Amino acid sequence: MLENIDALIAFHLFGIPINYTIFYSWVVMALLVFFAWLATRNLHATLHVSRFQTALEVIVMAMRSQIKDVSGDNPMRYLPIIGTFFLYIAASNLLTIIPWCYAPTSSLSTTGAFAFCVFCAIPIYGIRNVGARTYLRKYTEPLPILFPLNVLGDFSSVFALAFRLYGNVLSGAVIGSALIMLAPFLLPLPLQVLALLTGVIHAYIFALLAIVYVSAIGPEKKFIDTLNYY
Amino acid sequence: MDAITFIGGISVMAAALCISIGGLGSALGEGNAAASALRSLAQQPDESGTITRVLFVSMAMLETEAIYAFVITILILYFNPFWDYAVAAAAK
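Residue numbers (the working numbering), protein chains in the order written: chain A, 1 to 230; chain X, 1 to 92.
Hints may contain errors.
[Said to hold, decoys possible] Have a look at the derived ranges for each label pair, beta carbon to beta carbon:
1) A89/X - F34/A: 50 to 58 Å
2) Q43/X - F185/A: 31 to 39 Å
3) R128/A - V87/X: 27 to 35 Å
4) G8/X - P144/A: 45 to 53 Å
Calculated from the structure, these hints are not laboratory results.
On a predicted model such as this, the values are computed, not experimentally measured, just so you know.
Each residue gets a CB set at the ideal place from its N, CA and C atoms; glycine is no exception.
In isolation and in its complexed conformation, chain A is listed as follows (with noise of 0.2 Å):
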């Protein structure tokens, strides 16, 4: 009933074992590269433009939007990760409504090196924001003997985004299986169309805190302090 998606050999690759994660996260990337591929091909100005170029402006439209509204910061700075993270975890997570695709996401491998990068982008932002000796005493505010807890929150902070994700889209797959083994045809259905609406959630979840915890440290504090106790 419950696969364990990094156990499972999709097949060898020079003698390599592939396992079904790896497989589908190459699955997605050659997705996302693609239609970016599509979308890009000619980009026009001009009123006449491709109903791809359409589409793709409303969408980074959107995460700039909420990137500035959140970080109260030039939204370039932030847009190349967490675009990337938003993209690529909401094309994985609607990767398992196509059938025999499992979504990458529902492995722990993949949602770790995800809050990995988050986890490595905190201090590189933070730095780059305001400079390292501003950075560091963040973790002796409000004293310095908390030195032991900021860190540690910046660590559990990490783990829960990590734990979230996956959490989240292993126990959709395993309540769609354990439906199918109930009731087949019918009543996965409407679990499955639930499914579509919080992969995109989570998508946008892990987005947006990603953005709260990459630019906590930034020129301007308006939304963040209201986060800070999190």
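Add chain X to chain A, keeping to what the hints say.
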């Protein structure tokens, strides 16, 4: 009662308790958060963007507890180390 029956029974009970208590707390918290967000939306409809965003983030934070409980339940049911140990000991 031999060890393997005891471990199996206790594991199922533990899994049921884990997901029920974990889900209960998380559900109560999410209900409170949604109720407060709706109240704020009724008072200040102009701030709907910010309220919805903070609601999403706090829902995700609250749901994490339930997800932890769910992961532990899955571990107990499918990847139980004590059960594996008991089976290996019985096979010996």
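Task: Hint numbers contradicted by this structure - done: 2, 3
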